[in-house]
Amino acid sequence: MIGAIGAKAIEDASRVGRFGRFAWRALGACGWSMVRTRTYPLIWTQMNVIGVRSVPIVMITGAFVGMILAVQAYDQLAGMGLEEHLGVLINISVVKELGPVLAAVMLAGRVGGALTAELGTMNVTEQIDAVKSMGTDPVRHLVAPRLLACLLLTPALIIYADLLGVLGGYFVGVMQFGINSQGYWSFSASGVELWDVVVGVVKGFFFGAAIAVISCYKGFTCKEGAHGVGQACTEAFVASFISILALDFTLAVVFKAIYNTFWPLRSLVG
Amino acid sequence: MAFEKSGRIKERKSGKAKIRVEKAENNKGTTGRGDNGVVVIKNLTKKFGDNVVLDNISLSIEKGKTTVVIGPSGCGKTVLIKNFIVLLRPSSGEVYFKNKRIDNLPEEKLNKIRTHYGFLFQGGALFDSLSVAENIMFPIVQHYKITDWRQVEEVVKAKLTMVGLDGFQQFYPANLSGGQKKRVALARAIALNPEVILYDEPTTGLDPIRADTINELILKLQRELGETTVVVTHDMTSAYKIADRIVMLHNGKIIADGDADYIRNHSHPVVRQFITGQVNEEDLAVLRASGGISQAKFLPRDFEE
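Sequence lines, in order, name chains A and B. Note that the first sequence ends on residue 270 in the working numbering; no numbers are left out. Note that the second sequence ends on residue 575 in the working numbering; no numbers are left out.
Mixed in with the good hints there might be a few duds.
To be verified - DEER-style ranges, computed between Cβ atoms:
| no. | chain 1 | residue 1 | chain 2 | residue 2 | range |
| --- | --- | --- | --- | --- | --- |
| 1 | A | Thr234 | B | Gly475 | 28 to 36 Å |
| 2 | B | Ser343 | A | Val238 | 14 to 22 Å |
| 3 | B | Asn374 | A | Ser14 | 16 to 24 Å |
| 4 | A | Phe171 | B | Lys379 | 57 to 65 Å |
| 5 | B | Gly448 | A | Val254 | 54 to 62 Å |
| 6 | B | Glu424 | A | Thr234 | 41 to 49 Å |
| 7 | B | Arg420 | A | Val254 | 49 to 57 Å |
If you're looking for bench data, these hints aren't it; they were derived computationally from the structure. Ideal Cβ positions, reconstructed from N, Cα and C, are used throughout, including at glycine.
Work the whole structure out from these sequences, hints included.
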């Protein structure tokens, strides 16, 4: 019993170690790729696949988040005569939390699953071994462009999600429920600071990196056969999703501490 | 080769082209049994968990000759040649390439060593998303600074001509037959003019005519390029045709090592059984004793209560 628990603990620790080493190599490879212009076409291709083609789904997600928040919150605020404050509630929720998190979750499903399936299939058909056999580092060639594309474009996609979330909330709040437009925007402007938008966008870098590294790692280490690739895709999505939530919590704590420490000082320098 | 002679494609790191001249080098009298081989493994053991796949094997691959590794499916042939190029690292033991130990090198240094090898994978391992031409260009683009793409296209054409597939440049792997995929993979494997070519089951899954085409291609490349060749196969027709030396693996150990005639006349019962392709009496007895076909047949009503 104790032996089995010990063996499991050692196996889990070595698995974490392998992932950590892979992530470290991937980040190193990103630095290498950024200073070599010949890798730019690879990065450009992945940016198109990962970023550009994700724009519609991320915008749809953002729009529905804004609209749903408006529908759910209107009655409570209207009951207290505070319906013009709906904009603050929707916009701060969207730009700080729901926009980044739900956009990242959509990306984990759309992009993460595709990355794992593609690299997993390459792994089981020995294409990754073929890259190695020709003297090319597969992490540099296959992982770095995908990681850079996710890292750079997830924040941009979050901005799209935020924009559509804000517009979706405005559409339902002002057009459907008839809230005064000027009041809606006025309260929004007073309640949402640049800091809130920046926090949401910065989270995108971390979410993008987590999605790419986890998905590529699962693809590189997937087991043989169709079942192995399918299982790797499932594991990649679950691990990415949990990582997004854990990172979101950690970053919320960190950014709150930074905000409380430094943001009040801006009046001194400004 | 046009691009090498012109020097317009330069090796990235050093800035000057290192040219490996394609010429048939005659065997200089190395025995292939000592440490003078181009690829040498010493006391190599490979384990996956508790499963010992290769058990303390020592082998020297003779320069300019074709060595064929035979053995039943699952005996560790592929694991062995993947150790030659350190795609798998040995659990213990040493791997040498031209008298330099390589199994303990970091990946960065290994990548340079690997450009001296060509590897034909069992399924071809062509990149699905790239065309035939792009597949063959891949190693060239990775290791050379291209200044004249027309010359690269000429190289691709020359490599495809060698394997009899000129004109297929724009095809994608999905549009090729099994034999064509292997030939394109072979063209890619020789793109960098390797000194050693490793073939993993080159004739598996092909009809006898296509298999013989691949055999002839291996002989042609060996004759024209003079490189060292290692072939892993369980196809004895192929082994007898192309081998200068045949090595048989069984239960993770080498049980026979010699030329085709030596293997053909070998007295070891396992070798004899393998080369004649006959099931042994024990396995036959198990098959005869197990359930008859009448017991294996069923009808839907058999499952009804």
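When the hints from earlier in the document are held up against this structure, which numbers fail?
Hint 2 contradicted; others consistent.
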